[in-house]
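Student: For this one, chain A is given, so just place chain B on it according to the hints.
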Amino acid sequence: MGSAVSPEATHVFKTASDVAASTESSVSLFGAKQTFISQLRALAYECSADGWDGDDALGLHPSALRQTEAFIRALPNDMPLPEVAADPDGSVSLDWIRSKHRMFSMSIGASNRFAYAWLNGASRGHAVFSFDGQSISQVLRASIMEVMSDGVTSFRAA
Amino acid sequence: MALLPSGLPDEVDDAEDLARFVTQSSHFNTCGVKPVAFLPDRTHDETSVSRHGEQPAERLWKMGAVAAGTRTLYGAAIFNAKTVRQTELVVQSAEPPDFHAAIRKWPVETNDPVSMKSRRLEAALVLASNTKFVRYQLTES
Chain A
824 MGSAVSPEAT HVFKTASDVA ASTESSVSLF GAKQTFISQL RALAYECSAD GWDGDDALGL
884 HPSALRQTEA FIRALPNDMP LPEVAADPDG SVSLDWIRSK HRMFSMSIGA SNRFAYAWLN
944 GASRGHAVFS FDGQSISQVL RASIMEVMSD GVTSFRAA
Chain B
175 MALLPSGLPD EVDDAEDLAR FVTQSSHFNT CGVKPVAFLP DRTHDETSVS RHGEQPAERL
235 WKMGAVAAGT RTLYGAAIFN AKTVRQTELV VQSAEPPDFH AAIRKWPVET NDPVSMKSRR
295 LEAALVLASN TKFVRYQLTE S
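Chains as they are written, first to last, in our numbering: chain A, 824 to 981; chain B, 175 to 315.
Pulled out of the complex, with its shape left as it was, chain A reads as follows (with noise of 0.2 Å):
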């Protein structure tokens, strides 16, 4: 028995349900940076005056949230989010944790270089990245993706 269904068809078919693959896919990302921000969002809120957690820490400084924001949709949509926190000092936390002994911990404050710390097993270390506003080193995402993988490293530094 033939099919009813020219070649023709079934590639424009294929390249329909392709390009909704990936609107679904972009939209997924999208909506996981979304709730990020909706998530420091709502932190901002919670600490935004000084002595936020009833002890001597500073407001959150709008100059880390904004940072913070432009350094999340910087991030390359492979990358895994990090979680976030408010630190005593008014810069934001973000900690990519894997386990109890993999951990990469960043602090954004009010400028734009960020402190930066790592475990991983037995190595550890930390260092400054400059935040250019738009693009993230790949030695920084390699650092990330070296802590947060199954133990292959799928980023190397250039």
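Think of the hints as simulated: they come from the structure by calculation, not from any bench.
Small disclaimer: the values here were computed from a predicted structure and weren't measured.
Simulated crosslink set (DSS-like; lysine-lysine; CA at most 30 Å straight-line): (1) K306(B) - K279(B); (2) K923(A) - K306(B); (3) K923(A) - K236(B).
The following label-pair restraints were derived from C-beta to C-beta distances: (4) Y868(A) - E232(B): 32 to 42 Å; (5) A897(A) - R233(B): 47 to 57 Å; (6) A933(A) - R278(B): 24 to 34 Å; (7) P899(A) - D184(B): 44 to 54 Å; (8) R233(B) - Q961(A): 50 to 60 Å; (9) P183(B) - G854(A): 52 to 62 Å; (10) D873(A) - P271(B): 22 to 32 Å; (11) V282(B) - G956(A): 24 to 34 Å.
Now the stretches of chain A that chain B is said to cover, found in silico as 3 or more residues with beta-carbon under 8 Å: (12) 875 to 886; (13) 948 to 962.
Where is the CB? At the ideal position from N, CA and C, for every residue including glycine.
Tutor: This is chain B only, laid out in the frame that chain A set:
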């Protein structure tokens, strides 16, 4: 060796357990306590802890309630004094109140506060990774 009003020795022994009470919901997750929970306060540049382990729970949570004050007490990060000394930090008794101690000598770099923060984060990561998080539970009295 000198004894403090609590009856504890002035010097904190490597084998002692320490408790850091957690009063921010964003400072822990299912893996445990996040590094940010260990960063020092702004006034004294030190991290308050209690010289106490997971047990007896009733006394732990009484101390936690006092430390939390009007804040919500979510739990306690329990870790060993030796862990502190694996970093460049020190832990020293700081009574009153009874059993109180402080983690001090956080890295200082007055000419580059961001670089200083990255060193502090690394020390806080070591503390977080060697901690057991105990969720607050109301104990029957």
